[in-house]
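Which chain is which? The protein sequence lines are A and B, in order. Per the numbering used here, the very first residue in the first sequence carries number 243; after that it's consecutive. Per the numbering used here, the very first residue in the second sequence carries number 5; after that it's consecutive.
Among the hints, erroneous ones may be present.
Stated by the list, open to error - Over the 10 Å line for every Cβ pair with chain B, so calculated as not near, a few chain A residues:
(1) R244
(2) S248
(3) V277
(4) G294
(5) M316
(6) I324
(7) I355
(8) T362
(9) V390
(10) R391
What the hints assert, rightly or not - With the Cβ distance kept under 8 Å, some of the chain B side facing chain A (calculated, not the full set):
(11) V122
(12) P127
(13) H131
(14) F150
(15) I151
(16) I183
(17) R184
(18) S185
(19) N187
(20) P308
(21) K313
(22) G523
If you're looking for bench data, these hints aren't it; they were derived computationally from the structure. On a predicted model such as this, the values are computed, not experimentally measured, just so you know. No residue lacks a Cβ here, since even glycine has one placed at the ideal position from N, Cα and C.
Residue-level listing of the chains:
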Amino acid sequence: MRHIISILIENEAGALSRVAGLFSARGYNIESLTVAPTEDASLSRMTLVTRGSDDIIEQINKQLNKLIDVVKVMDLTEGLHIEREMMLIKVRAEGGEAREEVKRLSDIFGGRILDVSEKTYIVELTGNARKLDSFIEALGPVPILETVRSGVSGIARGEKSLQA
Amino acid sequence: MELTGAEIIVRFLQDEGVEYVFGYPGGAVLHIYDAIYQQEGVKHVLVRHEQAATHAADGYARSTGKPGVVLVTSGPGATNAVTGIATAYMDSIPMVVLTGQVNSSLIGNDAFQEVDSVGITRPCVKHNFLVKDVAELATTLKKAFFIATTGRPGPVVVDIPKDVTAHRCHYSHPKRVSIRSYNPVVKGHPVQIKKALGLILAAKRPVLYTGGGVVLNDSAKQLTEFAKLLRLPVTNTSMGLGGYPATDDQFLGMLGMHGTYEANMAVSHCDLLIAIGARFDDRVTGNIAKFAPRAKIIHVDIDPASISKNVKVDVPIVGSVDHVLKEMINAIQATEERADAAALGHWWDQISEWRAKQCLKYDRSSPLIKPQFVIEKLYEVTQGDAFVTSDVGQHQMWAAQFYKFDKPRRWVNSGGLGTMGFGLPAAMGVQLAHPKAAVACVTGEGSIQMNIQELSTCMQYQLPIKVICLNNGYLGMVRQWQEFFYESRYSHSYMESLPDFVKLAEAYGHIGMHINQPGDVEAALQEAFKQKKRFVFLNFVTDKSENVYPMVPAGAGLDEMILV
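Chain B on its own, in the form it takes in the complex (with noise of 0.2 Å):
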């Protein structure tokens, strides 16, 4: 059958199974636009800027585990797809950008619209690729798919010169493709999961600390068996949340820069760390030099070249998590050797000390709002079912430490590139895939100026999102540490002119509210979260002076806290 290019994309996605395509028209898109017109499979989700598309469709990926597709035009639209190409390449995210590019016979020339989009988003995406050929185009976007959802997954854009979107050819859908320099290894070394195996049996001290791979890989079940298995302590990435459950005795909260007591003095003092899905950033190591001093370290991932990069392990493991961890499993139930118990016994105590610390404790008899209690009477409002996604900053950390995530896939936050204005967009797409869930925004007055064009969007698609806007006045985040390291010397991180939300949110046709104090916290958010099919902006007048505690200042170790 003959189609043209802009129908082979949109037949293909059809065939794909793709539900949901978030963009942005404009000129080297319009084919493929008209397209989309003159069909139904697709529905495409108009956002209000390019950047929330990208997020949308992130956000959409993170809660579903399918890959979120976007397509934006040339140039600008290009370029202000960036930021959220990039906020998904660092956490790994399965997702497919579709940008518009000019002409063929005008690329190069400095065409009205023209950027090189291969070119500005090489450094960020898994792959990408640019369609010269419309015979090129079917395979091209399986391989995209492909690439995007297999191995480590991530970003990959395809650029599209409009003429290939008008040229015709023979369409059939290509059922699989295969890429000659493209294997990733799924299944972990016999050998390496034996040795992992001799030191997890032999460890006295040991430690799980997993991340965004587990949940990406939806090895949680797996995990959770693995750890109960072994009475492992867990401690999960802000990436990780949900990887493990977090009302489960076993688990040590969140480690790292905000990480708690007990999870960062476990990981100091531990004699054996397994990582799993982990990428031992440098948020969660804080001076690596003193990162786990008395562990041995067993290395789970699926990227070789995420293994030894920026602490040197013991016993590397590259594969799947779900694949090792199903081995270790079935290795530890076929030994007759057994652990420690003793000695894990003594562990536990020592933890139970730490854990004793009630390192996450705030003043509970505060006039004003405490932005813990807001995230605290959110997890008891929502029954702790909730799709939580954040912005980035202090409000990022309350959300990570109150609200106990039990199931992957509910934690939706920019991990590692830490992009402010991620968290309303993420929301749409977690409310697209789920329309029938609790989807809340957590966020702060800074944050959701980022993207607070998105209002419109929510109310095109009647969206109940519910916004948790923990409004201190401030950058938190800025300020905190201008207050701890600048001597509260509080450069810019004041935000004057706040726009009224109650009445910005009215504006756009949804509901707004104001809570000031303690007492209407919970109130305002059963009444809220009972708008099942509105879109709810609640504006928390929380304390300015709290701070995110514990804290690991910069450059020192994980056993060198600030605690409150």
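In isolation and in its complexed conformation, chain A is listed as follows (with noise of 0.2 Å):
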């Protein structure tokens, strides 16, 4: 199963590579990971989607707590959360219809249109996964020229806070 794992950490050299190699020196997955400083300088928080069984997701969560860097750690996927990710895709909008069409399916997407050429757009997409994903499947005949996305934020929702 899908978990969003969100993990405090020392804002410390070194601390992304333990995470990291944690992960692939017990063969976990990881499908996506962000880390950004927090609104504390010295915490970093990362949010780490990984898939496994709930035997590995148990030792998923032992092993980050047992790195002394790490400060806490949270599954989301155990309580209502909220997940996003942004998308900037770049897509070739040659002609009058493509070009409507795209900005049709951005509006309705609820993206913006950063970057204007003669030839192509760049589209801001936020959202959850699946979004970005119908996004780039609803672009249909559209070339894609390329896409960047910055791996899945989570954030709990209601009280639940994850603090130092």
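Two chains, each in its own frame: build the complex with the hints.
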């Protein structure tokens, strides 16, 4: 099953490689990983998306907690949460009809066109992973020149929060 | 007081009460060695290879409970130390390894003797640090000792660039340190302990399975008290030997791949397995699906990640072995409830039947020296009171099976990583920590050659270790597997061109003895152990065809042993 794990970790050199190294050494899979400092500059927050059986996820949580630099771990999948990912996608948009179609799709998905050239558009789109996938699907025959996705960031709903 | 980084390191080690540093100098640590030269508080032991420095520190730590300290230079100094660091990591041994690093300005430039020590050691340390500023040096060292010795212990590497050891700053010994992200749990949860107690009192066929955690946590006394209170059968892992007195009649011997018949049968048939400070290693469980199939399992461990990693447990208790055992003993003494004495009686009858198999029997009338016989005689001659280190292979298993350890910290072996070459340097650390004690290194002609250069260190420091080399001319455990599972195709398990070990020992200034008759074994051992001040290398020419029994083949259940 897919799990979204939030990690609060000391913002120190090598912290990311400790997490990445743990996953590769123990053969766990990383679907996506985002990391950036929090409002407290001494801490970084990671959101890690992984897949595995309940046993594996339990081990992942325990092994993450065991890392000395890790302050807190929360499996967001256990409760209500919000996940968001941002995508920048550059598509070929030539001719009135094609350009109209991309603009229309972008509007429907709540995206924004950030860059316009004679032959291309860059669309910015934010949502959960499924929404971004759907947008790509909806583009259909429109040629995609490149996509870049941020990976998932996640946060628990309501009172629950991940704090040092 | 303003000190250089190098002086801070040495002063810090003094202030921490560090007795010995095991190391080898080199360019990046020259400032530190200069500071060592100018003081007398910390004694430096010069090994002949950095791997031996880590094993010696490891032996020191295992036999004393205090952290072992290592100092090596950058590059090859650090990479040579990695095997010893990984060995300590697998067996949860408290150790602090100081590695020199090239000047900060050169890091990343592929400088002479530069490696990414923090990167290389990351998967085999509890934690590691790169010190970038002399102002952080003392607190980082304090953190390293704190992390290495608390919770589930382990090695910590501190990588120190050369310029940091030259820079000056104020020093005062940090008395304590706190790390917000590191707070190991010590106390077991009372609700879990109560649940465990319920299962224990209801059990009809209980077994206590204990590991290195009991030894590391100095809980042998509590374990014995607990087992005695309930008359529980006890089996130890290789790491756990000495955690329960081996001569006690409740002791079933070691379990696992080369465990005793009674221990493996008891685990396979028990209705309650109480695992304490053990981690269900594959060498212990055999085929997981067939492991303790009828049992509920209680697991006490300081490391939550060890619980339900390999085997699902019914009652997990995270906490220090010492604390949880004390709580359990108190709870048992407080309750009116008693275990089912009749059921326990039947269980012990069953165990006696298994014992009657005498699974450790061997041919005592052989004209050749049987390796088991050597260990039995070693046990007798040292009155069961020696520190025994071992290398890895058949001799290690025979030592574990035939030397009856009644006290913890007497059996020093590389259980998890299985590092050949561990025994001799480990014995150096043990002997330095216990100068008057009898220290034996049980080894084979294969393993001993992996760190044979340390014969020189033993001479320099006048270490009266006795090497018990069970020389069968084969990498015996490899040969045994090839005999059983590869139709006796002995691919590269035979060692040609062995040195004359007697002459070799003598070349280093030691005493060498060659023994090839069973009748001479005891006298040779007696003569060797009389040499209180001399290192003696005893080369026992043993039966080449002897195998370690019982044996649980790979993939089989514990009750599917090959017996002699």
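Note to self: Hint compliance check: list the failing hint numbers for this structure, sorted ascending.
What the structure shows: 14, 19, 22
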